[in-house]
Every structure is written in C-alpha cells, then in structure tokens.
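Participant: If you want the building blocks of each chain, they are given just below.
Number of protein chains: 2
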Amino acid sequence: MKFIKTPVKGMLDMLPSDMRLREHVLSMIKKSYGAYGFMQIETPIVEHIENLTSKQGGDNEKLIFKVMKRGADLQRAIDKGTGEYADNGLRYDLTVPLARYYACNRDKLPTPFKALQMGNVYRADNPQKGRFRQFTQCDIDILGDGSSLAEIELITATAAMLTQIFAEINISRFTIHLNDRQILSAVALAAGFAQEEIGSVLISLDKFDKIGLDGIQQELLENGYDAQVVEKYLAVYRAVKEGITIEEFCAGISEEILPGKVIENLSEILGCVRPMLADGVKIVFDPTLVRGMGYYTGPIFEITMDDYNFSIAGGGRYDKMIGKFSGQDVAAAGFSIGFERIITILKDHMQGSYKLENATAFLIDKRVSSQRKTEIIARAMELRRQGMVATVLPMAKNVGHQIELLEAEGFTGFEKVYE
Amino acid sequence: MKFIKTPVKGMLDMLPSDMRLREHVLSMIKKSYGAYGFMQIETPIVEHIENLTSKQGGDNEKLIFKVMKRGADLQRAIDKGTGEYADNGLRYDLTVPLARYYACNRDKLPTPFKALQMGNVYRADNPQKGRFRQFTQCDIDILGDGSSLAEIELITATAAMLTQIFAEINISRFTIHLNDRQILSAVALAAGFAQEEIGSVLISLDKFDKIGLDGIQQELLENGYDAQVVEKYLAVYRAVKEGITIEEFCAGISEEILPGKVIENLSEILGCVRPMLADGVKIVFDPTLVRGMGYYTGPIFEITMDDYNFSIAGGGRYDKMIGKFSGQDVAAAGFSIGFERIITILKDHMQGSYKLENATAFLIDKRVSSQRKTEIIARAMELRRQGMVATVLPMAKNVGHQIELLEAEGFTGFEKVYE
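Protein chains in written order, with the working numbering: chain X, 114 to 532; chain D, 114 to 532.
Bear in mind the hints are in silico, worked out from the structure with no lab data behind them.
Yeah, the Cβ is synthetic: ideal placement off N, Cα and C, and Gly gets one too.
It is possible that some hints are incorrect.
Pairwise CB distance ranges (calculated) [claimed, not checked]: (1) X:Gly407 x D:Gly405: 50 to 58 Å; (2) X:Gly500 x D:Lys242: 46 to 54 Å; (3) D:Gly405 x X:Glu174: 51 to 59 Å; (4) X:Gly500 x D:Gln331: 25 to 33 Å; (5) X:Ser482 x D:Ala364: 41 to 49 Å; (6) X:Gly436 x D:His462: 36 to 44 Å; (7) X:Gly513 x D:Lys242: 33 to 41 Å.
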C-alpha cells in the first residue's frame, strides 16, 4: 500500500494558527458585507463540465480539474474512445456558478439580489509563492441592478470592510481607482482605432504600470498600428494631470462616441462614494485603469494599498455575461477580494502566529483518581461557561515540550495535576 | 453551447435562508468545541487517489469522485490503455485526510492534539431524501491520547454542543449510549464464538433496534452458527435489565477474556461524564450498541434524541487506524456529528425560514437626485455602524413584489424614496 503523507500538489493543509487567522478574517468579511445586505449563498464545488467549458472563463478553462464519469457512463466513454471521460469539473471561479445559480433560483431571490460568496476554487496552475491550486475566493455581486447604486454599494462596502480588517495591523491608506470600459473604448475610437481593435489596444494600455506610456507606444507600433493614430491616442493619456476629473478627461470626446450619461453615471458613483470613505481612503478617476477580463461592460474599479502599490480587490460591471450563459441578460456588477493576498499581508505583519486567547490547560498525571479527574473536569467546565477556553489533557512524559507546543497555540494558563 | 441551469446531481445550491441557518449552526459548533480546546484544521478537498483507495474507507471507496490526470500524464495513461486516468479524488470522509494530515504535520501540533474539522465530503451515492453527493461533515478527534480523558472530553463537549443548539427549538432530552468493542468481543468469545466470527456476529447484533433479540437469534442460526452457542450468547443480552451497570453486565466474563481495566476504563468515562451533563441529558451503558465501522478498537458511543429515537452523533476509539495509513500507531478517538441531520431537524421545527434581523431597505426611485442618494446612503451607513443591516436598492417597477421578497429574507423596515 502506497500512502502519501503530503497534501496534493499546490493545495495546503491548514494548521490551527492558519485557521484561526482565516476564520477571523472570514467572519469580519461576513459581518461587514452582511451589514450592507449582501446575502451569503453557496454553490457546489463540482460543476457541469459543459458550464465550465462554455468559453466564458478565458484562460481558466485550460486549468480545469476534471471529474471522471462513473460506472456505465465511463465504460461507454471508454468504449467509444472519444476521450470524453469527464462529466463534471471543479469550479475555477465563483462567477460561472453564480450565473448558473441565478438562472436556476432567481424567482426565489429578491430583485436586485446582493450575493456574497466565499469558497474554494481550483486551478491546475503551476504553483508558485502565494498561488495555489485550491484557494479561497471572496466575491460580492449585485444582480439585476443596472443603476449606479450597485457600484456605489459594492465600493463603499468593500472599502469599509478592508479598512476594518487592515486597521488591526495599522494600515489605513487605500486608493480606489475608478474608470469605465465605455470611456476606454471611446478614447480609442476617437483616436482612430477600429471597434475590433479595441481589445488588443486595451491589452497594451493595461501595461501602463509596468512599461509606461512610452512602452505602450512602442508595443502598439510593433503590433502594426498606424503611427498617427497611436500618437493621437497616447496624447490623451499624456495630457492627464493628477486629480483630473472625469468631465475634464472626456471633454474632447463627442457625444456620439461617448454618451453624456456614461460620464454622469461615473461621476455620480465617484460623488456618492467619496463622502462615505474613512480617513486615509480616497477614490480617484484613473483613466488608465483597464482590468484584464474581457467581459466588463461599464464602470470598473480596483482598490490598491498606498504603501504597497498593489491591488487588493477588483471588479466591475458585466451586464452581458449572465445572458451568455442563461440566454437572458441580467444587469450585473461585482467586486472580488484577494482573500489569499489579504491573509498573506496580515501574516507578514503579525508578531508571531494568530493565537488563542484566555486559554487554560489542565495536565493530568496518570496516577490521578477518577474522583479528582471529575473535580478538574468540573473546573474546566466552569471556565468554559465563563467564555474561556479550557482543555483537560493527560500529562505527557516530556511535560516541558508539551507546554511549549500549547504555548505556541496561545495557551497561557497551565495547571499540572499530580494527585 | 449547452448550458445547464440545475446544479450537478445530488448537490445543492444554498439559498440565503439555508446559508443563514447553516452559518448559525456552524458558528455555534465552532464556539462550543472551541471552548473545549478543539482546534479547527482543514485539509484539501482533493486527496491522492492512493490514499482514498487504501482499503480503510470501506464501502465509501466505491463511491469516489475521481479527478483526472492532466496534460502529459493523462496522455501517457491513455496511450498505455490501463484505464488509470485519475491521480486524485474528492475526499469521502474527514478521517482519511486527518490521518494523512497528522502523519504530515504532527511535529507542529500539540500532543495530544484535539482537532475540529468541518467541511464538505463527496460520495457518488444514489441521492435520496436527506442524503446528498456533497454534504458537510463535522468531526472532532483527539489524537495521541490513549486514556479515558479523550472519551470524556469528546462526549461532554458534544453533549454540551447539542444541548445548546437544540435548546433553540426546545428539545432538551438526549441519551448518550456507551459501550466498548472489547466487551462486545468478550461476550461473543465467552459464549463460544471463534475470534474470526466476531465481526459477523456483531453485524447481526447491530440490528437489535430493528429486529430485536429473536430476530438476531434467527439470523445467527440462518448463518449456520451452533444453536447452543447462539443461545448462550443471547442469554447474556436477554438478562439485561434497564439501568444495568457495566460491572453487573460483565460479572460473568473471566479476566482472561476481558481484562478488568477495560471495565474500569468504561466505568470511569461514565462516572466522569455523568455529573457534567445538563438536565434532560443522560448517559447509559448500552450493551447492544455496536456501531457499524470495523475500525473501532475500544469505547464506542452514540447520542440519540429521546423524542425521535434516532442517532445524531456517533464515535469511538480507533487506535489502529492511523498506523494502517502512516505506519506509526497513534491512539485516537473521535466523534462525528450528523450536521445535515441537525439542519434538517432544525428546519422541520422552525416557523418559516431562518431570517435576517434588524434589517432595513431603502428603495430609491430612479428620479432621485445624486445629492439625495448621498443622504440616503449616509443614513444607511449610520444604521450599519449601529450594528443593523441596511441595503440601498433601486425601486423595482413592482415595488409590492420587491418588498414581499425582501420580507421573506427578514427585512422589516422599508423606506421608499421618490425624490
């Protein structure tokens, strides 16, 4: 018999200190979003292979863990020799299952519906530092709300949640970046790019943080775009000054290419969110924010940590996606929080591991009588009733080492009982 | 494109009311067991196929959802034509992964280690009422404690937890049934059965609740056992009177077949647990308790609800199991709680669904100005700060229906904002 002690590649065993930290953060997320009326839902981890391979998942579809057919179904597939051995797969995100869930259950749900999902997703990616094959995602989505209220609620709720979590390690400076896919498209169209070129142009613009406007110019030229068009396009971004307003930035674009209501809508989001933010948190119009996923259709947003310059949450409006799955368009906007990244940052900033509090261990020598044991157990019960943690354990031969390991978990009270 | 709206067969989408109830119960379980020093851990849902098919899982091994190899590994398997397409599988219980986890991580954990696991397991069983292909298991285990303290802590903690959960629906009468595998074996040996017959004899005795002693007698005779031996065996159980003590029951068995320390150990568990129990909860020695799983080696126990006569939790000592996996014996005892059954009972007893509390919805007409929206959002923020739930939604065309669906989730405050 071959027994393998280590977990499956790229997936982690969670030690008690890991779990205490994760549970603490998950419960803050639940509570914080819960106060905004987001309702927790859950879909199975196993999803129909048809739904996972419907071309909505982008590159993630290449990373599916497939679940094999069973019994007669599997035998038929083998006999046919078509290689179609899987009928299910493990979900690679929470958005595809959400689309299925909403298509299946929408008549039982309020409209609009504010969903909170926290759960594991699976990607057969090459594991690297901070990237795993099983990891927790945390998404909020508002389905059935085409108005700016959806973005306002998503952003204020997420900003409040992050502020609260990071206050524990004294990090309080965040920037919310806001842009709109329709503005991104309009700028490209106004410069002279064709509609079908926009996707490729935005892939280049998305590299702004890494290669700057000069790098983008070079890449666009290498990709064979007209030098004049590229020049005109980048001039718009070169003219951007810190604190530029949406109206200023869009002033040169005609109503035909960019309807005024897109600008009004984005301004309203910015204006309504700004007064709700805690000290240290700001919201800015960021004309170079692109966000990778192709399915966004309207406002897009991202939260970065000022002192680290990386993104901790991102999202946007995706009004066309659920319809592609279910055949019925549903206005939708969502925000996805980098849960594993939050955990990594908290761990890096903590002094030691996340420990138990108010915990006492009674260590019982084997010579102790039943009656005395009962007394000790009753005392432990009393501590538990008072809200403390108490454990009753047999004393190990090496009691010093036993106490050390218990201290590492957070136990501070020890009572050795010898008779 | 074929899109499937319903979840995968035998797995459930959780509606918000389902999630509220499940989260409520999970958090009571965490808190209750946490007070006893049980520490939450987690293993990946995906496990090595070798570990899942190591013959420790009994019939569950026939029900594995297998996860396919990927890339070159899969191609090699197909080319070879051996049919070995899977390298992983979804865990069918929490015990096999716990054995792997402990083998892998024991030097980072206190000794003894008190583990709490709550997570989904997967079985490709035929779905039926209350039985699913993805379901939540909730196990506590104490690893590395060969003394009666392990059973005492497992049983008192579980009794306290169940008492607390069911108090909410005014159910308070439970019976803890206690027996020992070594006593069961000793009675069979003393009657004249051979060592290798014990397993089969206990399968018959396990049917006591369904077919009674006469039914068991008939079954044993049909199975070809000697009539005199069967008669002698059942006479022991026929002589059992209510309230029989462990010592009385075992009085006729020689020290050679049943060492006195087995009896002392079981009496100590019973004696130490009894004074810790809440009103309405009793612990009894139950000589006909068998518990199906073959891996138990010592004390076994089960909790039944007096008014329903079914089991809600069961467990026992399994000192030989971890060694079979990892090659190194570890004293172990565990208690598994029927989480899905608890949820079913709570649902059956509740008036309506599990609802939000203190929840207010602001319903905003589309004519409302940005400035007024900001005022409303600020008021919602204030309610949230006070610990209440507040949501800001666009008013639906059919606002009556919108309110109805929100009321179904527990919203009680509504404010319609027209301008």
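Participant: Each hint: holds or not?
Facilitator: Hints versus structure:
For the pair X:Gly407 and D:Gly405, the supplied restraint of 50 to 58 Å holds, since their beta-carbon distance comes to about 53 Å. Separation of X:Gly500 from D:Lys242 is about 39 Å and departs from the stated range, judged on CB atoms against 46 to 54 Å. At roughly 42 Å, the beta carbons of D:Gly405 and X:Glu174 sit outside the given window of 51 to 59 Å. For X:Gly500 and D:Gln331, the Cβ-Cβ distance of about 54 Å falls outside the hinted range of 25 to 33 Å, so the restraint is violated.
Between X:Ser482 and D:Ala364 the C-beta distance comes to about 23 Å, which lies outside the given range of 41 to 49 Å. A hinted range of 36 to 44 Å holds for the C-beta pair X:Gly436 and D:His462, which are about 41 Å apart. Taking 33 to 41 Å as the suggested C-beta distance range, the pair X:Gly513 and D:Lys242 does not conform, at roughly 54 Å.
In this structure, the hints that do not hold are numbers 2, 3, 4, 5, 7, in rising order.
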